[in-house]
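Novice: So you can see what is in the structure, the chains are spelled out below.
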Amino acid sequence: KAGVTQTPRYLIKTRGQQVTLSCSPISGHRSVSWYQQTPGQGLQFLFEYFSETQRNKGNFPGRFSGRQFSNSRSEMNVSTLELGDSALYLCASSLPDAEGRNEQFFGPGTRLTVL
Amino acid sequence: AQSVTQLDSHVSVSEGTPVLLRCNYSSSYSPSLFWYVQHPNKGLQLLLKYTSAATLVKGINGFEAEFKKSETSFHLTKPSAHMSDAAEYFCVVRTGGYNKLIFGAGTRLAVHP
Numbered sequence: 001k002a003g004v005t006q007t008p009r010y011l012i013k014t015r016g017q018q019v020t021l022s023c024s025p026i027s028g029h030r031s032v033s034w035y036q037q038t039p040g041q042g043l044q045f046l047f048e049y050f051s052e053t054q055r056n057k058g059n060f061p062g063r064f065s066g067r068q069f070s071n072s073r074s075e076m077n078v079s080t081l082e083l084g085d086s087a088l089y090l091c092a093s094s095l096p097d098a099e100g101r102n103e104q105f106f107g108p109g110t111r112l113t114v115l
Numbered sequence: 116a117q118s119v120t121q122l123d124s125h126v127s128v129s130e131g132t133p134v135l136l137r138c139n140y141s142s143s144y145s146p147s148l149f150w151y152v153q154h155p156n157k158g159l160q161l162l163l164k165y166t167s168a169a170t171l172v173k174g175i176n177g178f179e180a181e182f183k184k185s186e187t188s189f190h191l192t193k194p195s196a197h198m199s200d201a202a203e204y205f206c207v208v209r210t211g212g213y214n215k216l217i218f219g220a221g222t223r224l225a226v227h228p
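Line by line, the protein sequences give chains S and P.
Quick note: the first sequence, position 1, residue 1 per the numbering used here, numbers continuous.
Quick note: the second sequence, position 18, residue 133 per the numbering used here, numbers continuous.
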């Protein structure tokens, strides 16, 4: 079974631009979560999508947004990029369950550098 | 609110000696707790998870962790370190519902010959 895939793996953008990252979950997984990893702040939860609906959100500004498609693939978008948005963005997928106890499987991440 | 505190940012051990990575948690609910490992330039891999079943949890690669409610701890151990264990380890708590994970700051494990 293929794992979680993220594209692109590396991105370089300049301040003020916008960027879209893509995540394809493991087949059959309907929940997709996004995390930001930086040396200063560590790993922080961005948001989670399930059945094309955002059902949980972290403490990030509105410049960070996402969506999920009917095939469970997800994208996240960051508008008006700032230097501080440079990070590794990780996507994770899991089987849905009412108690949220299923394991999340992580992709390799997209390394975003903002110049 | 849920949170996790990893008590050591760096741990250094010799190959063949025991590993102890310490984690305390805070949770208003019966927590789901996890340990993940991240090797350089790799994604996160689940080592083990606690979800209110047995308090001693066995994971992959010889790691195990014990859930101690009275001490609000979930320390990760391994009897004998291997060079390939060198990586960053994250203690994680899941909030009461859904899939929001709260990560600790991480512990970088170095293993010396």
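Be a bit skeptical, because a hint or two may be false.
[Claimed, not checked] The calculated EDC-like cross-link candidates involving lysine to aspartate or glutamate, where the alpha carbons are at most 20 Å apart (straight line), are:
hint, chain 1, residue 1, chain 2, residue 2
1, P, Lys164, P, Glu186
2, S, Lys57, S, Glu75
3, P, Lys164, P, Glu130
4, P, Lys164, S, Glu75
5, P, Lys157, P, Glu186
6, P, Lys157, S, Glu103
7, P, Lys173, S, Glu103
8, P, Lys164, P, Glu179
9, P, Lys164, P, Glu181
Think of the hints as simulated: they come from the structure by calculation, not from any bench.
Novice: A separate judgement is required for each hint: does it hold in the structure or not?
Specialist: For each hint, the structure was consulted:
1. Lys164(P) x Glu186(P): holds (18 Å)
2. Lys57(S) x Glu75(S): holds (15 Å)
3. Lys164(P) x Glu130(P): Violated, at about 25 Å.
4. Lys164(P) x Glu75(S): violated (28 Å)
5. Lys157(P) x Glu186(P): violated (32 Å)
6. Lys157(P) x Glu103(S): holds (18 Å)
7. Lys173(P) x Glu103(S): holds (15 Å)
8. Lys164(P) x Glu179(P): holds (9 Å)
9. Lys164(P) x Glu181(P): Roughly 10 Å between the alpha carbons, so the hint for Lys164(P) and Glu181(P) holds.
Checked against the numbered hints above, the structure breaks hints 3, 4 and 5 and satisfies the rest.
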